[in-house]
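S.K.: Each chain is listed here by its residues.
Protein chains: 2
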Amino acid sequence: MENFNFYSPTEFVFGKDTEANVGALLKKYGAKKVFLHYGGGSIKKSGLYDTVIKSLEKEKIDYVALGGAKPNPVDTLVYEGIKLCKEEACDFVLAVGGGSAIDSAKAIAAGVKYDGDFWDFYDRKAIIKDALPVGVILTIPAAGSEGSSATVITKESEGLKRGTGSNLLRPKFSIINPELTYSLPMWHTAAGIVDMMAHIFERYLSKTQDVILTDRLCEATLVSIMEAANKIMQDPNDYEARATICWAGTIAHNGFLGVGRQEDWVTHGLEHELSALYDMTHGAGLAIMFPAYMAYTLDEDLERYYRLATQVFGVPQNHFDKVGVALEGIERLKDFFAMIGMPTSLSETDAKEADLPKLLETLKKNMGESFGSFKKLTIEDAKNIYTLAWE
Amino acid sequence: MENFNFYSPTEFVFGKDTEANVGALLKKYGAKKVFLHYGGGSIKKSGLYDTVIKSLEKEKIDYVALGGAKPNPVDTLVYEGIKLCKEEACDFVLAVGGGSAIDSAKAIAAGVKYDGDFWDFYDRKAIIKDALPVGVILTIPAAGSEGSSATVITKESEGLKRGTGSNLLRPKFSIINPELTYSLPMWHTAAGIVDMMAHIFERYLSKTQDVILTDRLCEATLVSIMEAANKIMQDPNDYEARATICWAGTIAHNGFLGVGRQEDWVTHGLEHELSALYDMTHGAGLAIMFPAYMAYTLDEDLERYYRLATQVFGVPQNHFDKVGVALEGIERLKDFFAMIGMPTSLSETDAKEADLPKLLETLKKNMGESFGSFKKLTIEDAKNIYTLAWE
Numbered sequence: 001m002e003n004f005n006f007y008s009p010t011e012f013v014f015g016k017d018t019e020a021n022v023g024a025l026l027k028k029y030g031a032k033k034v035f036l037h038y039g040g041g042s043i044k045k046s047g048l049y050d051t052v053i054k055s056l057e058k059e060k061i062d063y064v065a066l067g068g069a070k071p072n073p074v075d076t077l078v079y080e081g082i083k084l085c086k087e088e089a090c091d092f093v094l095a096v097g098g099g100s101a102i103d104s105a106k107a108i109a110a111g112v113k114y115d116g117d118f119w120d121f122y123d124r125k126a127i128i129k130d131a132l133p134v135g136v137i138l139t140i141p142a143a144g145s146e147g148s149s150a151t152v153i154t155k156e157s158e159g160l161k162r163g164t165g166s167n168l169l170r171p172k173f174s175i176i177n178p179e180l181t182y183s184l185p186m187w188h189t190a191a192g193i194v195d196m197m198a199h200i201f202e203r204y205l206s207k208t209q210d211v212i213l214t215d216r217l218c219e220a221t222l223v224s225i226m227e228a229a230n231k232i233m234q235d236p237n238d239y240e241a242r243a244t245i246c247w248a249g250t251i252a253h254n255g256f257l258g259v260g261r262q263e264d265w266v267t268h269g270l271e272h273e274l275s276a277l278y279d280m281t282h283g284a285g286l287a288i289m290f291p292a293y294m295a296y297t298l299d300e301d302l303e304r305y306y307r308l309a310t311q312v313f314g315v316p317q318n319h320f321d322k323v324g325v326a327l328e329g330i331e332r333l334k335d336f337f338a339m340i341g342m343p344t345s346l347s348e349t350d351a352k353e354a355d356l357p358k359l360l361e362t363l364k365k366n367m368g369e370s371f372g373s374f375k376k377l378t379i380e381d382a383k384n385i386y387t388l389a390w391e
Numbered sequence: 392m393e394n395f396n397f398y399s400p401t402e403f404v405f406g407k408d409t410e411a412n413v414g415a416l417l418k419k420y421g422a423k424k425v426f427l428h429y430g431g432g433s434i435k436k437s438g439l440y441d442t443v444i445k446s447l448e449k450e451k452i453d454y455v456a457l458g459g460a461k462p463n464p465v466d467t468l469v470y471e472g473i474k475l476c477k478e479e480a481c482d483f484v485l486a487v488g489g490g491s492a493i494d495s496a497k498a499i500a501a502g503v504k505y506d507g508d509f510w511d512f513y514d515r516k517a518i519i520k521d522a523l524p525v526g527v528i529l530t531i532p533a534a535g536s537e538g539s540s541a542t543v544i545t546k547e548s549e550g551l552k553r554g555t556g557s558n559l560l561r562p563k564f565s566i567i568n569p570e571l572t573y574s575l576p577m578w579h580t581a582a583g584i585v586d587m588m589a590h591i592f593e594r595y596l597s598k599t600q601d602v603i604l605t606d607r608l609c610e611a612t613l614v615s616i617m618e619a620a621n622k623i624m625q626d627p628n629d630y631e632a633r634a635t636i637c638w639a640g641t642i643a644h645n646g647f648l649g650v651g652r653q654e655d656w657v658t659h660g661l662e663h664e665l666s667a668l669y670d671m672t673h674g675a676g677l678a679i680m681f682p683a684y685m686a687y688t689l690d691e692d693l694e695r696y697y698r699l700a701t702q703v704f705g706v707p708q709n710h711f712d713k714v715g716v717a718l719e720g721i722e723r724l725k726d727f728f729a730m731i732g733m734p735t736s737l738s739e740t741d742a743k744e745a746d747l748p749k750l751l752e753t754l755k756k757n758m759g760e761s762f763g764s765f766k767k768l769t770i771e772d773a774k775n776i777y778t779l780a781w782e
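Chains as they are written, first to last, in this note's numbering: chain B, 1 to 391; chain A, 392 to 782.
Quick caveat, the hints were computed from the structure, so don't treat them as lab data.
Certain hints may be false.
What the hints assert, rightly or not - A few chain B positions that, by computed beta-carbon distances, are all more than 10 Å from chain A:
1) ASN5
2) SER8
3) THR362
What the hints assert, rightly or not - Listed next, with one range per pair, are the computed distances between beta-carbon atoms:
4) B:LYS44 to A:GLU771: 53 to 61 Å
5) B:HIS319 to A:TYR630: 21 to 29 Å
6) B:ILE53 to A:ASP511: 54 to 62 Å
7) B:GLY165 to A:LYS418: 22 to 30 Å
8) A:GLY438 to B:ILE127: 49 to 57 Å
9) A:LYS451 to B:SER42: 48 to 56 Å
10) B:SER42 to A:ASP506: 29 to 37 Å
11) B:LYS113 to A:GLY507: 51 to 59 Å
Unchecked claim - Stretches of chain A that chain B covers, calculated by requiring three or more beta carbons in the stretch to come under 8 Å of a beta carbon on chain B:
12) 572-581
13) 606-615
All C-beta atoms, glycine included, are put in the ideal place defined by N, C-alpha and C.
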């Protein structure tokens, strides 16, 4: 086990009707004028927007609103938000939506307090030293941004998708009402499920040995996610299953399931190129890339893959064929992804094999010649993994 | 699942040699003059005290020290601490030790900011509205106070043991170095292990249905605790096992393993009378009371006890004899407690059956006529459970 800092100061307010308390929470955290950032029109149709405004008005909290955050949120909207937020002298950023709205809200919160170009944070040219406080009402369980220090933004003009993070960006509070996710289309539900599972895999597939408590907590969460996914396929309004997915998505990414281990994130790196080039849904890209990455790195730690297969995917123990058991685990993961409607091969998507050189070129620009910690990968390895992902 | 707030803002700094950074952490959290509170002389013998002072001096942080916190920490020391802390105008309370030092440090932190008698907080006459910030260096994994909002103090003159809590008392940081626990005698190691398991049981044995993710996280933690306990019995200097116990003790009580459920705490109530009357080690009292409580409440939710037996204690499934399986689970728990050197019956302790009326009388004073949520208990039920605990 490695030394670690675990710091997750966010107040998580979880359950039915909790969004109606957003005004009181904002007041508690000192907000006077809120910059309300959201995605598309769905929160207006669902009535959530009105609930939020009513709660703000009740507490006499002023606000300015900016919608338009889309999956793979873009820098142009962030610039617009920073400008508006400064002009209006807002002192708190409230994101209402999924990871895209939250990630651009975080970028705005940091950008407002920075004199230079906010992209410097994503370009590794500057470190976040100050930010407006951020609050969240979550509508899409997936990215885990409601409990994390991270934000990922795409620079549209260059097709670059990059992330940064700071404890200053951890939300003061995150309101999570599972009922708000009932209306989420199955595609987005499924993509979110893949995303949170991927956040766990990036931590679980680690070279660090002897972190057995964290291993078991990861396994418990993965099993619960898949069980709940199954229930949601039967009944999208299953409260307990939606609640499991919501909470699992949060703990999958607030750092808790990674304590004591070296984390990896190389598969996210490989996927980011896909979603930047093809505007592919992040979760769909991960559903394709993870099984390929796992198969490619099987020899790196067979025992770990054997454990994953037996503890999470229910593959029967067979100590005489550990490779077979481990591979069966990966097959079951693919079957699960397919069952919830996700692609498991690049051949099911718009991706073209002819683009492979382009993919690898941007990958090199973003990640360098060598990357990954569970297995040290080169650009050649990345090529092999993308190729496996086409099969 | 019930609605919940989960708020654990403490920065956990975990691992080898982390105590040497206490000065830097105090500085980060704004401390100028620290009230250093600790237990017995063991931290001086071990060199920990010197490490702390050196780190404070390095950061030019002034301090005043008060030792003497004992198991079942007493009000008289808290009064002394409040007086000294006020006189010296300290602005931060640092606890170095186990639950006793941390709990009285929390009482001092709240008492300093209150004009009345600090016991008012424990007597339900006042609510904590302000407190000095608290930091922790943990040396005994058990009470979970390093991550909790709670504090329990014993009023010596009346033999009353009472708890209170406030988010204001959650430590700003907690330093947890598993190596500091190598020298902990096996008795205290074992009592701590029982205590953290009990913190999980108080949350796991709940009437609230459908909190399966939390159930699995509890089970994962319980299994990991027992496995690590076994390793420590073989080798007290097993770092990974000590680390598992330390981290498990923290997450067992920072609220994480109780989310979405009604918690109970009645067994703690029953035990508190024992440790107040006989100065019994809290963990030893819990090792006696929990199996008795479980046997007495088996019918309340057989399915839950069946799940506990099969998922945590490895009892083979047998759907034709769920009672038998559940009882076997409780037996295995007793066997585990005995294996780590804990008593499992009051007959192994100083407790006298003739004291039963006295025990019940104080219990009534502390808990009223009726208590408990998993099973509503009366004083008569409590009598039956104590009687079972004598067998």
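S.K.: If a hint holds in the structure, say so; if it does not, say that too.
M.R.: These are the hints, each one checked on the structure:
Look at B:ASN5: its CB is around 6 Å from the nearest CB on chain A, not clear of 10 Å, so calling it non-interface is violated. B:SER8, annotated as away from the interface, has a beta carbon of chain A within 10 Å; the closest lies near 7 Å. B:THR362, annotated as away from the interface, keeps every beta carbon of chain A farther than 10 Å; the closest lies near 37 Å. Look at B:LYS44 against A:GLU771: about 58 Å separates their beta carbons, and that is inside 53 to 61 Å.
Here the CB-CB span from B:HIS319 to A:TYR630 is close to 28 Å, well matched to the stated 21 to 29 Å. In this structure the supplied range 54 to 62 Å is violated for B:ILE53 paired with A:ASP511, their Cβ-Cβ distance being about 42 Å. Distance hint for B:GLY165 and A:LYS418: a CB-CB separation of about 23 Å, consistent with the stated range 22 to 30 Å. For A:GLY438 and B:ILE127, the hinted distance range of 49 to 57 Å is not satisfied, since their beta carbons lie about 36 Å from each other.
As the Cβ distance of A:LYS451 to B:SER42 is approximately 55 Å, the hint placing it in 48 to 56 Å holds. Restraint check, B:SER42 to A:ASP506: a C-beta distance of roughly 52 Å breaks the suggested window 29 to 37 Å. Between B:LYS113 and A:GLY507 the C-beta distance comes to about 42 Å, which lies outside the given range of 51 to 59 Å. Check result for the segment 572-581 of chain A against chain B: violated, 0 residues qualifying (beta carbon to beta carbon below 8 Å, three or more required).
As drawn, the segment 606-615 of chain A meets chain B at 7 residues by the rule of a beta-carbon pair under 8 Å; at three or more, the given contact holds.
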